[in-house]
Each structure stands twice: as C-alpha cells, then as structure tokens.
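**Q** Read off the chains here:
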Amino acid sequence: MTMPTAFRRNCYLLLILGALLGAVSSCNKENKEKPGDAAADKSAKSIVIWWFQWAPADGLAELGKEFQAETGIAVNVEQIPLSSYQDKVFLEFGGARTRFDIVVGDSQWIGRGATKGLFVDLTDWFKSVVDLNTIHPRAAKYLCEYPEGSGRWFAAPCETDAVGVAYRKDWFDDAAERVQFKKKYGRELAVPATWDEFKQTAEFFHRPDQKRYGCAMPSDREYDGLTMGVQNLLWAFGGRWHSEENNNVKGFLDTPASAAAVDFFRDLTKLGPKGAERLNYGQVLESFTNGSTAMILNYFAFFPGIYKQFGERVGFAVVPGKDGKRVASLGGQGMSISTKIPPEQQELAKKFIAWFSQRKIQEKWITKPAGFTANTEVLKSTAFRAQTPYNGPFADSVETMRDFWNVPVYNELLAATQRYVGMAVDGEMPTAQALAKLAEEKERILTEAGLLK
Amino acid sequence: MKYLRFLIIIGYGAVATLPLLWVVLSSMKHRADTISLHAKVVPAPTAPADPASITFEATAEAWRDLAAVHAGAQASFWHYLANSIIIGVLSTIASLALGTACAYGFSRFRIPGSGDWLFFILSTRFLPPLAVVVPVLMMYRELDLQGTHAGLILLYTIFNLSLSVWLMKGFLDEIPRAFEEAALVDGYTRWQAFLRVVLPEARTGMAVTAVFCIISAWNEYGFAMTLNSSGAITVPAYFAGLQGNIDGMPWPQIAAGALVFVAPIIIFTICTRKNLLRGMTFGTIKQ
Amino acid sequence: MAKTDGGMKWALVAPVLLLLITFNVFPLLYNIVLSFTNAELVGSGSRTVGGANYGRVFADPQFAGALRRTALFVTCAVGAELLLGFSVALALQRAFRGKQAVVTALLVPMMLSPAVIGLFWNLILNGNYGIVNQTLGWLGLPQPQWTTDRDLKFWSILAIDIWMWTPFMMLISLAGLGAIPPSIYEAAEIDRAGRLRVFFKITLPMAAPVLALAVLFRATDALKQFDLVMAVTGPNDSSTQTVSTLIYQIVFRDGKVGLGAAFACVVLVVVVALATVFTRQLDRLRSSEGAP
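Protein chains in written order, with this note's numbering: chain S, 43 to 495; chain R, 11 to 297; chain U, 986 to 1277.
Since the hints were derived computationally from the structure, they do not count as laboratory data.
Treat the hints with care, since some could be wrong.
[What the hints assert, rightly or not] Below 35 Å or equal to it, Euclidean Cα-Cα: the simulated DSBU-like pairs (lysine-lysine) are:
(1) U:LYS994 / R:LYS12
(2) R:LYS284 / U:LYS1186
(3) U:LYS1084 / R:LYS12
(4) R:LYS284 / U:LYS994
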C-alpha cells in the first residue's frame, strides 16, 4: 500500500459521499416540488384520480383527455397495483390531505368512506346534475349509497360490473358432443340455465385425461375471490349472508340452504382443473385462455379480453339460477370525492363526475376496453346489446346483481368469510359447523362495531 | 467419497438451477405457451405444427415488452428499474459509510456501555419491520417523505445498519492497530489515519458488506409497497402489483424482468467474488 | 489514545445510534401507546381501551397460530438450509476446474427478489399447468396441489425459502472451511486421525462460530418471512399466515392499528427474549474459541 493511492481512493470516497448527500437532498426536493409546481401554476387546473392497475383505467384516462380538451382541466388517472390498492387508499385518507381528488373505490368501501367522513356526501349535488332515474337502482344501492337504499349518495357509478359465465361455444356447438350429451342426459346440450344443469354440463366436459375440464370459478382465499364465487350460489339456493333489516347473521347464514350452496360449490371445484378450489380471478381467466376449460365464472370486465382472443369460439351468458332464482355477484367501483382536499378541488372533481355521468359520455365509456355502465338508458338500448356478444348478458345481469357487506367493518367480515367458507370448501370443517362458527364470528365483529340491531 | 461429492454437487446444482432455467425459457415464450397444458421445453425457431409438441417458438417479445407501458401501469419496467437503482445504490453507500464509521468507533475507542450498544444495534435486526410500520408511516407523513426516493433510501439504510456495523466491526478488529500508530507517528491526524490507512485495508470487508446491503435493499418489498403509492415504486412492488391484471399474468415479461433485475446483483457479486469468500467469516476465525 | 479523541469517537458512532433510536426505539414506544387504544388506520378520535387488544391477542387462536407457524418456519428453514448448505460446501471444499463458476451459479437463487420470484414459483408449482406437476404426470406419479392444498402450501413456501437461502449457508460454510489453516489438517494427518475424527474434532468445531453467526442472520430474516407468503398465498390464508403477514392483514386490510400494535408488542417480547439467549450463546462460542 502506498500513501498516494490510498489518498486518492479516499478522495473518491469523499466524492461519493458528497454526491450521495447531494442526491438524497435533491431527490427529496424534487419530489416535494412536484405537487408544489402544480399548485403554484394556478392557471393549469387539474384533478387526480386513483384506480387500480387494469385496462378500464386506461379507458378512463382516454376520456380524461377529452374532458381536458373541452374544459381545460387536466385529468391524471394514477393506477395503483391492485394487490395493495385498498391499503394505499386508506393510508392516504389517514393523512391531512389525500393526493387524489377522486378515488374509484371498491363497492365494499363505501360504508367506511361514508361513516369515517372520507367521502364527500354527494346526495344533493348529484341529483341536480344527473337524473337519478337513469342510474340503475341496483348500481345505486350497492355502488353509491350508504346505508344501502338510504338515498344518501357517496359515489357516482364508474365501472359497473357483475359476475357472468363465459363458455366454449365451439365445444357446445360440436355436433358429436351434442349427440353424446343427448344420449347421456336426455336433453340438448345448451348453455346452462340452472346450477344443476351447470354441474351436469361441467361433468360432461370434464375429461382430465384429455386435459379438458368442466368449469372454473373464483375461489381464491386472498382479498375476496372465494366469497364472490360462492355468493352466486348462496343467494340462488336461498341462503343469506345476513338479514338486510337488522344485520343479524345467526339464523340467516347458518341455514341448510346456505350449507347446500357451499357444498354444491365444493362439488363444482372437483369438476375444474387441478387446484380449482383456490383460483384467483387471473387464474380462472388463465384456465380458460389456455383452452382447457369449458365454462368459467368471472367478472364481465374480463370478457372483452377473452373475446379478443377467442372470437366466435366463445359465448357469454348470465350466471345460472335455482328454482327460478338467479343472483349475480356485483363487482365494480364508484367514483367518490375525497373530503381531504380543498373545496376548489372538490368543485373540479364534481365537474368531472358530472361530465362523465352524461349519457353521451357513458356511450363512449362502453366502447373503451371493459368499460361497463350503470346508465339504464344505455343498458336498455338495442345498440348496446348488439355491440358485443357480452353486452346483452351484462345488461341482464345488472338486473339481478347483489353485493356483499359494505358496512365499515366489511373487511373483517370478508376475511372471516374467506377463512371459514374456505375451511368448508377444503373439507377442513363440516360445512354446517363452519357456517355456524362464521355466523358467531360475524356477530362478534358487528356487535363490536355497534351494527347489530 | 469422490463420487459422493460429485453426486451431491450435481444433485444440488440441478435443484438449484432448474427453476432458473425455467425462468430463462419462459422469458422466451409467448404467453400462451407459458400456461399451456403441454409443457413447452425446447425452444425452436418456428411454432410447432402439433399443439402438444414440447417445442415452442422462441421469441424476444417479452424482452421488447419490458420497454412497453404495460396495461394499467404508468411507466415501463425500465422506469421502475431506475427507481430501484437509485434507491438500492444510494442506501447501500449510506449504510456502508455510516456502518463502517460506527464499527471503527466501537473497534478502536473505549465507549461507555459499548457491549450494550452493540447488542442494541444487533437487536434492531430481530425486529420484524412490519411491527414498526405504523409509527414509521406517521413519521413519514409528517416529514412528507411518503412515496419519495429519499424516504425509502433512509429506511433501507437503517435496516442495513446493524448488518454493516457488525460485519465491519469484525473486519476492522482484525486490522492491526500498529498500522494507525505508524501513521500517527508520521504526523497523520486520527481522522486521516482512519480514512487513509484503515479504510483501504478494510476494503475486502466493505465489498462483502456492500453485497449484503444491496441484496436486501434491492429486493425489499414490504415497505416499498406500504410506504409508496405512486412516487418511487421499485421493481418488486411493480411486479407484485401485476397480480389480478385483466389480461392474466404476463409470465414471459415477469421472467424477463426477473432476469434483468437480478443481473446487476450477479455482476456485482462476480466483481467482488474473491473478497466475498475471503471476507465471509465475519472475523470469527482468526488466522 | 482514546482519551484525546472524545469528539471523534462520538462523531463516528453517534449517527448510527441516533438513526436507530429514531427509527426503532421511538416507533416501538409509540407502538406500545397505540396498543392500548382502538386507533384505526383512517379516521381520527381513538380512545384508550385498556388491555382489550391484548385480551384479544391471547384469546384468538389466530395469533398464537401465527407465532407457532413462524417458529416452525424459522426452525425448519434454518435447519434445512444449514444442513444442506454445509454439506454442499464440504463437497465443494476441494478445488476443481470451474469451481468458481459453479459456486457463482449456485449463488443466484439468493440474489433474486423473493417478491418477484415467489410470483414466478406460482407458475412453476401451479397444480394444473405447472411444470412440476406436468413432469410428475408424465412420470405417472401423483400430482399434489403444491400451493393450494391446505396441508401442503406451508411446506411449499418453506421449500421455496430453502431453495433461495441454502446458497447463503453454503457460501458462509465455504468461507468458514476455507479459513481453517491447512497446517492443522497436516498435523492431523501426521497423527493418522481418521476421516470422521478429523471432521468432528477439527472441521466442525473450527467452523462452528462462523456457522452460528450465519444461523443468527438467517434466523432473523426467516422470522420476518413476508414476501414469499404474500406472493404465494396472500396474507389472509389461515394455514400460511406468519407473524408479519398477520400484522399486515390486521393493520392494512382491517385497519385495526391498535390490535396490530398489541400483537407486534407481544411478538417483540418473544423475539427479544430469544435474541438475548442466542447472542449470549454466540458470545460464549466466540470467546471460547481461541486463536489456534
């Protein structure tokens, strides 16, 4: 070691340290300046919308550009990774000011947003800009109002979604298959209208040795997959999550009808690809797009992508029913305005929502990838139904859609549901016992939150 | 004995590298081939006629798509990679500098309660970071550090401090004090002796420490996800966020991205490889 | 010489100590305060609820389950990684052509990002189209549901962790073995000591301190297991929930900051107790091992 080289090396080290300190402080400044710049430049008005990462958010951003062209107000749609979207939105609400002006929030969030004073109450304003009769009552009830059906609006419909069925039309139309099916079951092979037919059809197509499977449904134990899958059956079978009048769970959830629905769901998972008792939305989609599965249950928002890939080889339908009763699990999100932004920003946000809710914009919205509307006039129009093969079933599904809880403690209720129904589906616990325990757990959560009347 | 050795090496090597091979192969596939029910193992220049064939058409699609802005995301993979580089490199330099200085202090000076301090430093490593996430969040909100590069740099620097102090102390303890004493006799100040004499001697240790710091900062996920909404999203948070994508998981891009993402670490490790093996004993074995 | 440099020594150590206190001690104290309230992630106006949160933590089997599962995870992961890593290091001890390249290649798994590669393992282990099950099917063997079977998914995550971190143990073992002076082996050869005897009397005791430190670092990391669980099953899976993912579920999903803080405090007490015992042991090991 000679001193000069060591000295030089130390000079480098000091330089690096200096650069580091400089970089850290400049990073900090740079980031701090960004919002400041926007605020300083008062002439350039803009709003920020948060949604999670997926194609409809791109469509919203495209519409935002049109809005900017018309009004001069820029719209920035920021897309947050789905797996942490909920967490981040509520983290923002914990601060003094949210970075978004409008949040496109999941239907279940509305209770939390309304009761904790996070979402601006839109009741009086919204009816002054939109004819509320043009908004489908079920979308209004589950996506916009809190408490359900109270007429107090905390969101405007953005993406309305429901669970539907996608099936392999080419398999259903295959002459040989049709003959076979008729021989076996004594009826024509057709898109199933009841859950029993669904099971029969799934059974018929389930040929694991040929790597062909009957059906796949959302059943993931993460956020809400399993619950959203099971409840299509639960309601059709006459089961309930709870009483809508007084929130009571016992006597409504722990019934033979609910248990029959869960058991039926479990039987259906046996007619799916391996691992069908735990598929998230993406995996349900993948089991269809890899050409192995005859029928899937999934949100309509996924269907445009499928149609693009399969073209005429795929068909779409509403979820099956039982004894004339058919209920589709609701999906989708409404637009809410944050209370934690200045009044002038709230005004800009209202301007955008009013613009977006117009019929002519809704008609553009449905042409965007996976954009679905709650506008009854659009839903009723034949033009909408004729546009794509999935629009018709979607419009029909809206008539029967229903949602899980949207009380402020929905997430604990959801987590408990996922856990106990999961145990029943996995056979870890007898179904009746699991539902009884779930009912008990839910009543505990509701009592703690003061929601049990 | 000799055969047993090679059996172990080959057996373990297969288990360790086959998943990596699968990542490489997947990065060359079309998406449909990654989820095909007929395993696609052999790359070929053209698509096979038989759908059940084990060959697949090799494509650079996924690699090109890294530059594309993926359905939903705000920027391409490269943007998030840049975030990861800024945060990973700066936090590594910072924790290395601070840790080395601190280790030197404990190694050469009599510090009251040094044993307890050192235990305290080590104990911070036991703490599951999520246990302190809420207070840290509130602090960051106050300081306006949420979603900034600086915020994550600071945090990762702190996570790695215990490691860098403990590793560096081991290395510095082994450098004979005679070196500095000679320098002091030559008219160096203590600071000069530290910077010009001790540090160059400790570079082996610093290289090793840097490797570990950068691996953990580079790959950190929990805080990258919870502290950031859209400001300084790193690659792990970006990929994890693709789950639930409307088009299904973009497996080839994930494979290609994982490979690009690990490449700098591999290169860095190869550069420091000699030091790595020499320096990995944490000073526990005295020669 | 220390006396005259009081300013310098504090300038050297103070930044680290201050940073660690600000970002570890202060949050911990604040956590304790939070644990006695019903604070939520959003909305203001929390109030003190006494020990209610702690009551819940001790009563709800979910919490004990997460702790037990984490302990099992740490024990199995570190044990298997040590055993495997050390064996491979022994096999690699002698020089051969291309050894450097082999070692480097074997190190790659530990450099990968667990969040990214965990995601990818979902594809590899997929029960339907995953390559593992396709291979098993081709061989005519049963095809377990690696990531969905409730009895299996925990072990699958463990296996991924072992795959990722065995290289770390191997690397440290190699370094430890390489640092044993050849003169000792030569002396043993003169004594005509048997192979096993050499291993148990020389190799193992000489490598022990470095292995203990490696175990310590691995154990602390395994204790925090979060990324892989998040990538493979998510935080709300009762059969894979670890301490970190349960805290995440409670704090970020349910918004129950107070409850999460109470659980974090309980975890902390357990961890600090274990850490104290372990570091004492380590100290003993390090001081008893004199220079050869």
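**Q** Does each hint hold? Answer for all of them.
**A** Hints, one by one, checked against the model:
Between LYS994 of chain U and LYS12 of chain R the CA atoms are separated by roughly 53 Å; this puts the pair beyond 35 Å, and the hint is violated. For the suggested pair LYS284 of chain R and LYS1186 of chain U, the alpha carbons sit about 28 Å apart, so the restraint of at most 35 Å is met. For the proposed pair LYS1084 of chain U and LYS12 of chain R, the alpha carbon gap of about 15 Å is at most 35 Å, so the pair holds. Between the alpha carbons of LYS284 of chain R and LYS994 of chain U the distance comes to roughly 32 Å, so the proposed pair stays at or under 35 Å and holds.
Violated hint for the displayed structure: number 1, the only one.
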